[in-house]
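Asks: Listed below are the residues making up each chain.
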Amino acid sequence: MANHNIPYAVLHGMNVPTSFIHQEGSSFDFGELEEAIVLQGVKIRNDDEAKAPLFTTGRPAATLEMFPSWPMRFHQTPRGSSKSGGESTDSGSAVNTNSSKTENQLEPESPISTKKTTPLDQQQGMASDISRTGTSIAKLPQEKRRGSTSEKQLDAKTLRRLAQNREAARKSRLRKKAYVQQLESSRIKLTQLEQDLQRARSQGFFLGGCAAAVGNISTGAAIFDMEYSRWLEDDQRHMSELRTGLNAHLSDSDLRIIVDSYISHYDELFRLKVAAVKADVFHLLTGMWATPAERCFLWMGGFRPSELIKMLISQLDPLTEQQVMGIYSLQHSSQQAEEALTQGLEQLHQSLIDTVAGGPVIDGMQQMAVALGKLANLEGFVRQADNLRQQTLHQLSRILTVRQAARCFLMIGEYYGRLRALSSLWASRPRESMMGDDHSCQTTTDLQMVQPSQNHFSNF
Amino acid sequence: MHCQTTGSWGSYMPTTRTAATVVVGDPLERIERLASENAVVIFSMSSCCMCHAVKRLFCGMGVNPSVIELDQDPRGRDMEKALIRLLGASPAVPVVFVGGKLVGAMDRVMASHINGTLVPLLKQAGALWL
Chain U
1 MANHNIPYAV LHGMNVPTSF IHQEGSSFDF GELEEAIVLQ GVKIRNDDEA KAPLFTTGRP
61 AATLEMFPSW PMRFHQTPRG SSKSGGESTD SGSAVNTNSS KTENQLEPES PISTKKTTPL
121 DQQQGMASDI SRTGTSIAKL PQEKRRGSTS EKQLDAKTLR RLAQNREAAR KSRLRKKAYV
181 QQLESSRIKL TQLEQDLQRA RSQGFFLGGC AAAVGNISTG AAIFDMEYSR WLEDDQRHMS
241 ELRTGLNAHL SDSDLRIIVD SYISHYDELF RLKVAAVKAD VFHLLTGMWA TPAERCFLWM
301 GGFRPSELIK MLISQLDPLT EQQVMGIYSL QHSSQQAEEA LTQGLEQLHQ SLIDTVAGGP
361 VIDGMQQMAV ALGKLANLEG FVRQADNLRQ QTLHQLSRIL TVRQAARCFL MIGEYYGRLR
421 ALSSLWASRP RESMMGDDHS CQTTTDLQMV QPSQNHFSNF
Chain C
1 MHCQTTGSWG SYMPTTRTAA TVVVGDPLER IERLASENAV VIFSMSSCCM CHAVKRLFCG
61 MGVNPSVIEL DQDPRGRDME KALIRLLGAS PAVPVVFVGG KLVGAMDRVM ASHINGTLVP
121 LLKQAGALWL
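First to last, the protein sequences are chains U and C.
UniProt numbering numbers the first residue of the first sequence as 1 and each following residue consecutively.
UniProt numbering numbers the first residue of the second sequence as 1 and each following residue consecutively.
The following block holds chain U by itself, in its conformation from the complex (with noise of 0.2 Å):
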């Protein structure tokens, strides 16, 4: 008799904390509930073990608490003929109780399962009259009020099926415990690649120096070129947001987090850049990066603010007289902070052509330094227009209403989408002839053909 309230862990000789063995003599009311924070306590222990830096140790619990009802779709571990005809539901062995080995088993069934498994077998040999389920802790309030409304003077009958619901309670905290840890792990797994992949990207790893080494373009070039082309999808589904957003007559505030987003879109862009000037400025300056029409534009590395504000004025009607003062001193100011640039980049062309020429050589290597340093500089000169074309377009915003600064940044977008679809154009125009009349028509009926639907091409 005393046998049954003795706790199953004890009973195999798991690890058990001293505190929970001393309970043999106490209503049968607590033994369920000590048995299941015992058990929470056990596996909280067994998750920090296993999770080591990655996860604070108070997530264990909450996790837990994420599946309230369990799943069902466990491997069924083979059980031996002592299996009762009872069983509904699966009860499978989703044993994995060991505390150091859990990153290890990413499926429910284990070798250190099996063990236990026999030994549940024996119990559940016992009564066959009853169906084990997920319920089976519902069940128990029931018996237990069962029990102390019989003044404790329980039957073996009623003993077995307490026990079986032990059991089978039992059974599915550590069930869902094993799902829970497989969870876990599988979480850990890809925090891990997505840290390597971080790691790899920043290094140049395999990607980039493949691309490099088919393109013969640099490693920074490979992987700016890269994060590019993934900046330009972004593009085209913040444009889409910005289509959508005007057309549903968002309120203000809705319509300002779209214009918002896209805003800090470009600050994403101008970070990339940041990273690009470090690793190969020149292939920012001659712009390989961007399509030969957008090339055709470049300056410093990137769109001339001014010419920007020159392109949206006409069409950003009607404005207040006031945004249109903001709009012609954004422009002026924009034009001679271009200028002064301009004039810096002369000077350092100058000087490292005074430099590179310079007269008699007295010491080429001492030169050729004096010229490397001299050519960094030139680092300086994209950061500060990229820094440039940055500030233009927050400024922009700031005189613009949000309806205003959506429609204007749809406008920037659509543009550079036509620009790129030029490109593409021109890449495919046909060129057997040189018959100068033929071949401008047929690119004028083919940008005909493809103003409508100008959004699609996007990419280069």
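Hints in this document: simulated from the structure, not taken from any laboratory.
Source: prediction; values computed, not measured.
Possibly wrong hints are sitting among the right ones.
Taking CB as the label site, the calculated pair distances span [unchecked claim]:
no., chain 1, residue 1, chain 2, residue 2, range
1, C, 73, U, 197, 32 to 38 Å
2, U, 321, C, 84, 43 to 49 Å
3, C, 71, U, 323, 44 to 50 Å
4, C, 120, U, 191, 48 to 54 Å
5, U, 232, C, 126, 21 to 27 Å
6, U, 339, C, 117, 15 to 21 Å
7, U, 310, C, 73, 39 to 45 Å
8, C, 26, U, 373, 57 to 63 Å
9, U, 233, C, 126, 47 to 53 Å
10, U, 356, C, 88, 31 to 37 Å
Don't be surprised by glycine CBs; every beta carbon is placed ideally from N, CA and C.
Go by the hints and put chain C onto chain U.
Replies: This is chain C only, laid out in the frame that chain U set:
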């Protein structure tokens, strides 16, 4: 934009000096003093192209800045180090002060021009007349 309160460094000047120490003067204090002598002060180096760009910017706006070339100043090296500490970044030049107050390096100067705060500041300091 950073604003620097003038004269706050004066209290750091040690009152007693041993005979062996050369009285050099705090470089930061010298920078401040020079910065307040004119409406627009640019700390520069004659070989620096970005400094040339910032000078062109102000000249293009019709401002006549006073320029201090650190490579031509005997105490230039110390002032360069002090400027790096002040900015919290390298390079030390160009650095612009308007009306005695620090505007910053090239990126800050351009940002303030684009967002429209530089011109009012210049007018306030008397460097620009409409």
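Asks: Against the structure shown, which of the earlier numbered hints fail to hold, in ascending order?
Replies: 1, 5, 8
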